[in-house]
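**Q** Make a model of the complete structure from these sequences and hints.
Quick note on the working numbering: the sequence shown kicks off at 33 and runs consecutively.
This list has only true hints and no planted wrong ones.
Pairs of lysine-lysine residues, derived as DSSO-like cross-links and limited to a Cα-Cα distance of at most 27 Å, are as follows:
1) Lys118 <-> Lys286
2) Lys266 <-> Lys294
3) Lys243 <-> Lys266
4) Lys241 <-> Lys266
5) Lys326 <-> Lys315
6) Lys249 <-> Lys286
7) Lys118 <-> Lys294
8) Lys286 <-> Lys147
9) Lys286 <-> Lys241
10) Lys337 <-> Lys315
11) Lys294 <-> Lys307
12) Lys326 <-> Lys337
13) Lys118 <-> Lys266
14) Lys286 <-> Lys266
15) Lys286 <-> Lys307
16) Lys147 <-> Lys118
17) Lys337 <-> Lys324
18) Lys266 <-> Lys249
If you're looking for bench data, these hints aren't it; they were derived computationally from the structure.
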Amino acid sequence: MIMLRNPEIESLAEGILAGDRMSLSQGITLLESTLEADWETSERLLSSLLPRTDTALRVAVTGAPGVGKSTFIEALGMHLVESGNKVAVLTIDPSSPRTGGSILGDKTRMPRLAKHPDSFIRPSPSGTITGGLAHATRSAILLCNAAGYNPILVETVGTGQGEYAARQTVDVVLLLVLAHAGDELQGIKRGILETADLIAVSKADGPLKEKASLTAKTYRRALALSPNRSAIPKVMISSALENTGTADIWDAIKEFEHTARKNGQLDRRRHEQIKFAIFEAAKELFLTRFSKSKDLQHELQQLQKQVIQGECTVNEAAHILLRDL
Numbered sequence: 033m034i035m036l037r038n039p040e041i042e043s044l045a046e047g048i049l050a051g052d053r054m055s056l057s058q059g060i061t062l063l064e065s066t067l068e069a070d071w072e073t074s075e076r077l078l079s080s081l082l083p084r085t086d087t088a089l090r091v092a093v094t095g096a097p098g099v100g101k102s103t104f105i106e107a108l109g110m111h112l113v114e115s116g117n118k119v120a121v122l123t124i125d126p127s128s129p130r131t132g133g134s135i136l137g138d139k140t141r142m143p144r145l146a147k148h149p150d151s152f153i154r155p156s157p158s159g160t161i162t163g164g165l166a167h168a169t170r171s172a173i174l175l176c177n178a179a180g181y182n183p184i185l186v187e188t189v190g191t192g193q194g195e196y197a198a199r200q201t202v203d204v205v206l207l208l209v210l211a212h213a214g215d216e217l218q219g220i221k222r223g224i225l226e227t228a229d230l231i232a233v234s235k236a237d238g239p240l241k242e243k244a245s246l247t248a249k250t251y252r253r254a255l256a257l258s259p260n261r262s263a264i265p266k267v268m269i270s271s272a273l274e275n276t277g278t279a280d281i282w283d284a285i286k287e288f289e290h291t292a293r294k295n296g297q298l299d300r301r302r303h304e305q306i307k308f309a310i311f312e313a314a315k316e317l318f319l320t321r322f323s324k325s326k327d328l329q330h331e332l333q334q335l336q337k338q339v340i341q342g343e344c345t346v347n348e349a350a351h352i353l354l355r356d357l
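**A** Shown next as structure tokens:
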């Protein structure tokens, strides 16, 4: 473990462990910083908190734009805090083209939950998104865990890669889908069926209630025919408007967690996530250092000319760059 020597960082770590929301916000801001000078500081902060970062249940809520992720998360969050839980929500907001920061903010998107003393909502600007999640989401989860929040809910953007990115970050992936006629479900993506742990048909209210039930049945049939699933995900329906289905979905999440802990799936998934995170961090460090090296940029230009002139191949040029990094 790296020992903290900066009194300000020590104070920040103590505040996070005490559950102070301002300290937690400051810590996540530090993690999201793209300044190289902040990297070592953020790593010291994380290292000091590591013993307290592996207890919380991590749940991703994913789905296409317009499916109602924020509305559902608020309904689920309110159910959880009213049941005595401390809930953290990591969301994705649109980015300002001028500053790169979040435009809407948590109070606009989840006003009731944002006001509750046992909730913490952190919006990340979508300008930091890679594959459906903000680049610092994994580290932010660790800080929320250290601050005593459990569970931690993560919203992904509807990129098409969101489900895969979520699976590399959380314990349970909940996919929200809209009600459709049966014939419209022929194009269900195989990857979505393989990555989602649970599926919920949202906005199952009013004239869409019957269609939502039919959609759920169609998904169940499609999942039953999926050859790559050892366990078939539950498919449920919910309505945040009528406040129905939320408690049942949470019960299904807890049931999934219990089974995954018992059969070792949860540990295996987290171990795979660590390997993936190490690779992603190494890749990010490589790209950052490469982009800031004038010598390597100059060498890249020279290698580009050599490839154009047929003096070497692309792979040979790449090996030369790696050698000189």
